[in-house]
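So the sequence lines, in the order shown, correspond to chains A, B, C and D.
First residue of the first sequence: 17, per the numbering used here; consecutive thereafter.
First residue of the second sequence: 17, per the numbering used here; consecutive thereafter.
First residue of the third sequence: 799, per the numbering used here; consecutive thereafter.
First residue of the fourth sequence: 799, per the numbering used here; consecutive thereafter.
Simulated from the structure, these hints should not be mistaken for lab results.
Take the hints with a grain of salt, since some may be wrong.
[Stated by the list, open to error] Simulated restraints, written as ranges between beta carbons of each label pair:
1) GLY996/D - ASN467/B: 43 to 51 Å
2) ARG938/D - GLY392/A: 49 to 57 Å
3) ASP297/A - ASP337/B: 37 to 45 Å
4) GLY1025/D - ASP455/B: 52 to 60 Å
5) ARG938/D - VAL133/A: 36 to 44 Å
It should be emphasised that the depicted structure is a prediction, and the values quoted were computed from it without experimental measurement.
Cβ atoms here follow ideal geometry from the backbone N, Cα and C, with glycine treated the same way.
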Amino acid sequence: MKLARTHTTVSVERALLRMAGLTGADAERIPWVNHLVDAVRDQVGIEHGVALPVWDALVRGEAPDLLTLAQLSASGSVTLRLPEGRDATRAAAAARRAAGAGVRTIDRRRAERDRLVKRLGDPPRRPWIYLIVATGDIYEDIPQAKAAARGGADVIAVIRSTGQSLLDYVPEGATREGYAGTYATQENFRLMRAALDEVGKELGRYIRLTNYASGLCMPEIATLAGLERLDMMLNDSMYGILFRDINPVRTFVDQRFSRQVHARAGIIINTGEDNYLTTADAVEAAHTVTVSQLMNEFFAKEAGLANWQLGLGHAFEINPDLPDSFRLELAHALLARELFPDAPLKWMPPTKHMTGDVFRGYLLDGFFNLAGALTGQSILLVGMMTEAVVTPFLSDRDLALQNVRYVMDAAGGLCEDFHPPRDGFIQTRARQVLAEAIDLLDRIVDDGMLNAIGDGTFGLMKRPADAGKGLAGVAKRAPGYVNPAIDLLEEGATR
Amino acid sequence: MKLARTHTTVSVERALLRMAGLTGADAERIPWVNHLVDAVRDQVGIEHGVALPVWDALVRGEAPDLLTLAQLSASGSVTLRLPEGRDATRAAAAARRAAGAGVRTIDRRRAERDRLVKRLGDPPRRPWIYLIVATGDIYEDIPQAKAAARGGADVIAVIRSTGQSLLDYVPEGATREGYAGTYATQENFRLMRAALDEVGKELGRYIRLTNYASGLCMPEIATLAGLERLDMMLNDSMYGILFRDINPVRTFVDQRFSRQVHARAGIIINTGEDNYLTTADAVEAAHTVTVSQLMNEFFAKEAGLANWQLGLGHAFEINPDLPDSFRLELAHALLARELFPDAPLKWMPPTKHMTGDVFRGYLLDGFFNLAGALTGQSILLVGMMTEAVVTPFLSDRDLALQNVRYVMDAAGGLCEDFHPPRDGFIQTRARQVLAEAIDLLDRIVDDGMLNAIGDGTFGLMKRPADAGKGLAGVAKRAPGYVNPAIDLLEEGATR
Amino acid sequence: MSGAIVRPYGDTTGDGMVQVSFTLPLPHDKRAEGAALQLAEKMGLAPALLVHAKAMGPDFTFFVVYGSVTHLVDVDAVTVVPREFPLLSAKEVNAAIKSPLRRKLLVVGACIGTDAHTVGIDAILNIKGFAGEKGLEYYRELRVVNLGAQVLVPELVERARAERADAVLVSQVVTQRDAHIHNTTQMSAAFREAYPAGTAPLLVAGGPRFDESATAALGVDRVFGKGTTPGEVASFLVHALAPLPAARTP
Amino acid sequence: MSGAIVRPYGDTTGDGMVQVSFTLPLPHDKRAEGAALQLAEKMGLAPALLVHAKAMGPDFTFFVVYGSVTHLVDVDAVTVVPREFPLLSAKEVNAAIKSPLRRKLLVVGACIGTDAHTVGIDAILNIKGFAGEKGLEYYRELRVVNLGAQVLVPELVERARAERADAVLVSQVVTQRDAHIHNTTQMSAAFREAYPAGTAPLLVAGGPRFDESATAALGVDRVFGKGTTPGEVASFLVHALAPLPAARTP
Ligand code: B12
Ligand code: B12
Ligand SMILES: Cc1ncc(COP(=O)(O)O)c(C=O)c1O
Ligand SMILES: Cc1ncc(COP(=O)(O)O)c(C=O)c1O
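Hey, can you work out the whole structure from these sequences and the hints?
Here's what the structure looks like:
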C-alpha cells in the first residue's frame, strides 16, 4: 500500500525510540518517548522522522543519552534541529546503531522462543487452545493464566482495558486498574511472560502469550511485544478504523510498521474478522469476512509476514435459532480453511447470541468446539458460558476447557467421517459465500478500498478517510525521511 | 418359547379378569382380581386357568356378576370348582363372551388412537421427543407433562414408583405417594391420558403416553394400557429377571401374554437394553445389547408384534473420558439402526457417567442428541442435566428440550455430510461389535438361553431359572387349560 | 396465583429447590466441602446437597450445590416500576411532538467513557431499529445526533449545548468494576454543573445490566435495561418532553 | 490460606460472585422478575444481576441470577468429620482381624426398601471393587453375604441373625421424599428392637446423597457418602470390630 510507505506517524516514530531502548515515563506516567517525539514535532516536525533530530542532538552532546535527552525535552530545555550533510549522515548512523541493538534483542527473543519450543515442546495437537484473562489487574491475571495453562490452555491472551486503544501513549509499569481488561505495558508483558515460562516449564509445554497491537500505539506495542517475547498479537488491517474510528491513513501506516516488527519477531498475528459478525449479521456478512481475510493476507505478505504467521480470524456468530445454523457455520469455516490452507486460522466462539442462559451457552460453545474440530481450525479461542454476563470467572475458564477437552477427545476424530457432498448444503453455501466475496472484491477494486471502508462495507461502519482519531499524528514523509528501524526491518539487517 | 405356552401365572389369570371388566379393590386396596384368583388357586388351583371355575360359579348363580363374586370370594363365602362336560363348555363360552367385551374395548381404543393421530397429526419429524415425569404424585405429574408437551415433547412417560414391580397386585385409584415415580394404576392412566388428549388438541399434535408393562403384574398392566389407550409400554424380555430378580419362567409367561395384548392394542414396546450399560461397561458389553435386541425382536414377533411396534432400546453410556467415546457411540447406534431398519429404535441418554457437574451434563446430553440425529434414531429419550442429582425438575425438562431443539434444528441435517468410511474407525468398530454378538449368540444356542441368563451374560447379573421372585405364582398348565383372553388374542377374534 | 407467598419449584409445589454454583479460594478437600456447605447454609439452603466439587489447580475449588431454600418469596412485596407512560405508535409520537412543540425534538446519543459497545444505542437510534421496531431516526419529528462510541463527558456536554439537545441518551454496556455507574453519575453531574438549574436536557441512560429503578442514584431521568425497544424510548421522550393535552389542562 | 475468612471467587479476590438458578411458580412478567430478585436478595446476593428469565408455559418462570454474596465463609468454623480410623491395606485388615478374632468377620450387605440400586453396594462388596480397590469379598478374613436389591427390613434382620453378622451394610440411593432417611432409620430401629441392648451388629449405611455426619439421626454406627472406596469400609470395620492391640491395653 502506497499510503503506508509515504507517511509516518507519531507512534511509528516513538516505536523507533523504544527500539533504541528508551523506556520509562514522567511522574504523570507520560512516557519519555512521547515527550521526545512531541518535542521533535513541535520544533522540527516529524515528516523527516525523529531519527535525525534526536541522534543529531545526542551527537551534538545535548545530552549523554536518550533518556536524559527525553527528560530535558520534556522541560523544554533542548533545542532540536534537522541536521544536514555530514551531521545528518552521522546522526543517521548513530540512530541506526541504536535501533540495531533493539532489532538484535528482538532477534534474540525469537531465538529464545525457538529454543524453548524445542525444549518444552509445542502443544500436542491442533487446534491450539487459546484462553483469555481479563481481570484488569495483572496480579489477578497471573494466577488465572497459570490456572488456565494447567487446565489445558496453549495460548493466553491478556485482554486489554477498555479505552487503551485510544490512548496515544503506552502506559508504564505493572497495572491493577484496568476496566474489563488489563493495560498493555512493557512491565505487564514481562511479568506475564515470566509467569507463563514458569508454568510452561512445570507443564512441559511452551505456553504462548498474546496481546493487542491495535489502536493508536500499535507500532510501539508491536515493538514491546517483540522485545518481551510475546508470541501472537491481535493485529488487523481495519479493526482500528471500523471499531475505534481511528483515521484510516494512520491505521495503514501504523499497521505496516507493526507487521514488519511481527514478521521479524516471529509473532503470529490474529486478525479481527470475528468483530464484523458481532455488529453485522453473520449470514448476510459472511463474505465480508472472506474479503477481509484476503486483505489481511495481502497486507501481511506485503509487510513480510510468512504464511505460518497469518492467524486469520473468523467466528461462530450465526443466530443459533436459524435452521441449519451449525451447518452454515461449518460451510463458512471450511471455506476459510480451504482458501488459506497454510495459515493458522483463529476460530472465535459465539458471543453475540450468547445470553444469560449459561446452560444453553455451554452447549453452544460445545458445538463451536465441534465445528472447530471438524473443519481443522488451528487456534481455538475458547468460549465462555458467561459471555453475556461478565468477563470470565476462573470457573468459567475451567468449565470451558473441560468442554473443549470433551469435544476434542470424544469427537475430534469425526473429521474422518465428515464429507460434505459437492452438491449438498454445506458446499453449496460455501460456494455462494465465495461468489459474494469475489463480487465485493471486484467492487472494491473499482471503487477503491478507502471508499469501501467509507461506505460501511465492513461491520456496517462508515469511516471516511479524512476523519477519525489520530489523524493529527500522521505526517506525509518529506524527502530524506529517515527511520533506521524501518530500514533494518526491510533489509533484514541486524546493524 | 415353549415355556410360555405351557405355563400360566396368577397375573395372566388376573389379566383375564381385568379384560372381562373386573375392577376395584377392597378397603385395604387389594384388588378384587387378586381376591378372586387367590380363591381359585386355593380351592382349585390355577393350572386349568381361572376362566372355568369363575364363570362356572357365575353360571351356577353363585353371584350375579364378577364383582360380587370376587367380593364374596374375599370373605371365603364362595365355593369354586372345576366344571366338566357341558358345565365346562357353558362356563368357557361365558368367559369368552366376557373377555371378548374387553378385547373389543381394546380394539376401540386402538381405532380411537388412529382417528386422533389422523386428526391431530403425528410429530412433524423423527426422532420423537420422549420425556419423563417422575414426581410420585399424579397431580404434580399432570401439569409437568402438559408443560413438557407444550415445550415440545411428543411422548410422555410416567415413571413408576420404586417397588411397584415387586408388588403382586396393581394398586387402585389416583395416587400421590410414589417414590421417585408414580404408581401405575388404571385411574392414573386415565387421568394422564385425558390430560394429554387435552394438551394434544391444544397443540394440534397427538401426544403419546408411556408406562411400564414390567414386573410381577406385567400382563395386567398391559391390559390396562390397552383399555386406557396408552401408546407405548416399557416391556423387555429379560429386564425383570436381571434387574428385579423375578423368576425367569414367570417372566417369559407374563411377557408373552403382555406382548400379545400390546400387539392387539397397537402399542409400541420399549425394550430395556440401556439398563445393561448402567451396570456393565458400555464398550465391553456393547454386543450384549445387540444380542438382547435380537432376542427381544424374536419374542416380540412370536407374540404377534409388527416391526413398527419394536422400540428396541440402546443407550449413550460410554465413559465420556474414553478417547473417541462419541465415535464409539455412533458406531453402536448405527449398528442398531442398520440391523433393525424398520424398528422405531429408542435411544437412551447418558445416565451412568452423568455427575453433579450439571454444565458438563448439559453438554453431554447435547452430544447424545447429536448422535441421535446423525444415526437416525426414532425415539429420543431426552437426557436431564440433573441425572446424577434428583428426579427431573420442571426446569431441567425445559432446558433439555431447548437442547434437543438446538441440536436438531442447527445440526440435524448433518447426516447429509456424515459418511463413515468402510475401513474407518466407526465401521470397523460396528463390525467388531456385530462379530462379538454373533459369537455370543452361538454360545447361547449351544448352552441354552436360561443358562446364559443364569451365568451373568447380561448386565453382569446371574439369575438361575429356579429362583427369583414370583415363582410361587407360576403353574404348569394342565391339559384342558382355558384362557379365552389368550384365545381371542391368538385368533385375532373379537368375540 | 393462589396467595402472595411462593417458593422456588423443583418438581413439587413448595419444595424450594434451587441450584447454586461458585468457587472458593481453597484447595479441594473435606474442609473446602464443609466451607461450601456452610456458605450454602448461609444462603438459606436447608438441606444443602453438595453434588459436585472440583479442584481447579491447587488453590481453588468449584462447587455445585442443590437444595431447598427456606426463604419465602412475598410476591405482594415486589415493587414493579410500572411504565409511567403510555406506549405510543410512531404516528402518535410524531403527532404529540408536532402540534404542541412546533419543532422537532432534538436527541443526542452516545456511548460514553471508554465503552465502545454501540450496538445497543444504535439499536435505539438507527433507522434499522430493534426487535422489528424502527429506531428514533425514523420518527419524522425527532432529530437524532448519534455521537458514536467512546465519547468523553465534556465533549458530550458541549455537543448537547451546541445542538440545543432536548434529550441526551447515553449507553453503558461494560459493567466490570461498576464502570457503567461511575460513568453515568459523572455524566449527570457534568450536565447539572454545565446548565443552569432546571434547564439541563432530559437525561436517559441505557444498557443491559442497568437496574431500571436506579434513576435517582444515577442522577438521570430514566434508565432503560436489557431488551428496550425504540418505541418505548420514543414514548418516554414524548411523555417527559412534549406537554400532552392532559397535562396542559390545569 | 491467608486467614480463616474467605468469600466466593469470580475473577477477583473477595468479589463474592455466585451463580444461582431456580424456577418460580409465577407467569413471566416484571413482577416475577422482581420476585426472583427478592429471593436472590434473601439469599444474600447484593447486588443481584438477573441475567436470564424464561417463561416455561403460562405458570412458571426459570431464572438465572449472578451476584456477589455478602456472606463470609468462616473456614475455621467448618467441622470436618475426621476419619476416626487409620486407612489400612488389605493385608493389614486381614491381619488385624485374624489374630485377635480367630475367625472371619461376617458382613451382610443389602440394598433395602424398594431401592434397587445395587451398583454402589456391589462396588463395596464384590471382588471387582471400585476405583481400583478390590471389594470386601477379596479380603481373606471377611465373609460377605450380599443380599442384593429391594430387601425388606424384617428379612434383613432375620438373615443377619441367622448368619450371626458382625456388621450389616445397607445402601440407599433413591432420596426422593427422603426415602433413604426413612428406610435407614426404620432399619436401625428394627435391629435395636430385635437384638438385646448392646448386641446388635455394627450398622453401616451408605449412598451418594448421605450426609456423613448424620449417624446419630439415622441410628447407625457409620455413614459413607459418595466416592467411598472398599478400603475405607474395611478399615472402618477393623477399627470398630477388631479390638486392636492399642485398644486392648487398659
Ligand atoms: C458485540 C460485542 C462487542 C463488539 C462491540 C461492537 C460495537 N460496535 O458495539 C466488540 C467486538 C467491538 C466488543 C469489544 C469489547 N467487548 Co464486548 N461484547 C459484545 C457482545 C458480544 C454483544 C453486545 C451487544 O451488541 N448486544 C446487543 C445489543 C442490542 O444489546 P444491548 O447492548 O444490551 O442494548 C440493548 C439494551 O441494553 C438497551 N440499551 C443499550 N444501550 C442503551 C442506551 C439507551 C439510551 C437506551 C434507552 C437503551 C439502551 O437497548 C438495546 C436494545 O434492546 C457482548 C456479550 C453479549 N452477548 O452480551 C460483549 C460484552 C458486552 N463485551 C465485553 C467486553 C469486556 C469487551 C471488551 C472491553 C473486551 C476487551 N477488553 O477488549 C472489548 C472492548 C470494547 C470497549 N472498549 O468497550 C463484556 C462486558 C463485561 C462487563 N459486563 O463488563 C461482554 C459482556 C462480554 C464478556 N462477557 O466479556 N464487544
Ligand atoms: C445405574 C442407575 C440405575 C440402574 C440400577 C442398576 C443397579 N443394579 O444398580 C437402573 C437402570 C436399574 C436404575 C433404575 C432406576 N433408577 Co436409577 N440410576 C442409576 C444411575 C445412572 C447411576 C447410579 C450408580 O450406579 N452409580 C455408581 C455407584 C458406584 O455409585 P453410588 O451408588 O453412589 O455408590 C458409591 C457410594 O455412594 C457408596 N455407597 C453406596 N452404597 C453404599 C453402601 C455402603 C454400605 C457403603 C459403605 C457405601 C455405599 O459407595 C459407592 C462407591 O463409591 C443414577 C444417576 C447417576 N448418574 O448417579 C440413577 C438414579 C440413582 N436413579 C434414580 C431413579 C429414580 C431410578 C428409578 C427409581 C426410576 C424409576 N422410577 O424407574 C429406577 C428404579 C430403581 C429402583 N427401584 O430403585 C434417581 C434417584 C433420584 C433420587 N435422588 O432420588 C437417579 C439419581 C437418576 C435420576 N436423576 O432420576 N437406575
Ligand atoms: C484485531 C483486534 N484488535 C483489537 C481488539 C481490542 O480492541 P480495543 O483494545 O481497541 O478495545 C480486538 C477485539 O477483540 C481485535 O479483534
Ligand atoms: C424395560 C424396563 N422395565 C421396567 C423398568 C422400570 O423398572 P421398575 O419399575 O421395576 O423399577 C425399566 C427401567 O427403566 C425398564 O427399562
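Taking the hints in turn, this is what the structure says about them:
Separation of GLY996/D from ASN467/B is about 48 Å and conforms to the stated range, judged on CB atoms against 43 to 51 Å. Here the CB-CB span from ARG938/D to GLY392/A is close to 56 Å, well matched to the stated 49 to 57 Å. Checked against the hint of 37 to 45 Å, the pair ASP297/A and ASP337/B passes, with Cβ atoms roughly 38 Å apart. Against the hinted window of 52 to 60 Å, the Cβ-Cβ separation of GLY1025/D and ASP455/B comes to about 36 Å, which falls outside the hint.
Under the hint 36 to 44 Å, the C-beta atoms of ARG938/D and VAL133/A, about 54 Å apart, miss the expected range.
Going through the hint list in order, the structure does not satisfy hints 4, 5.
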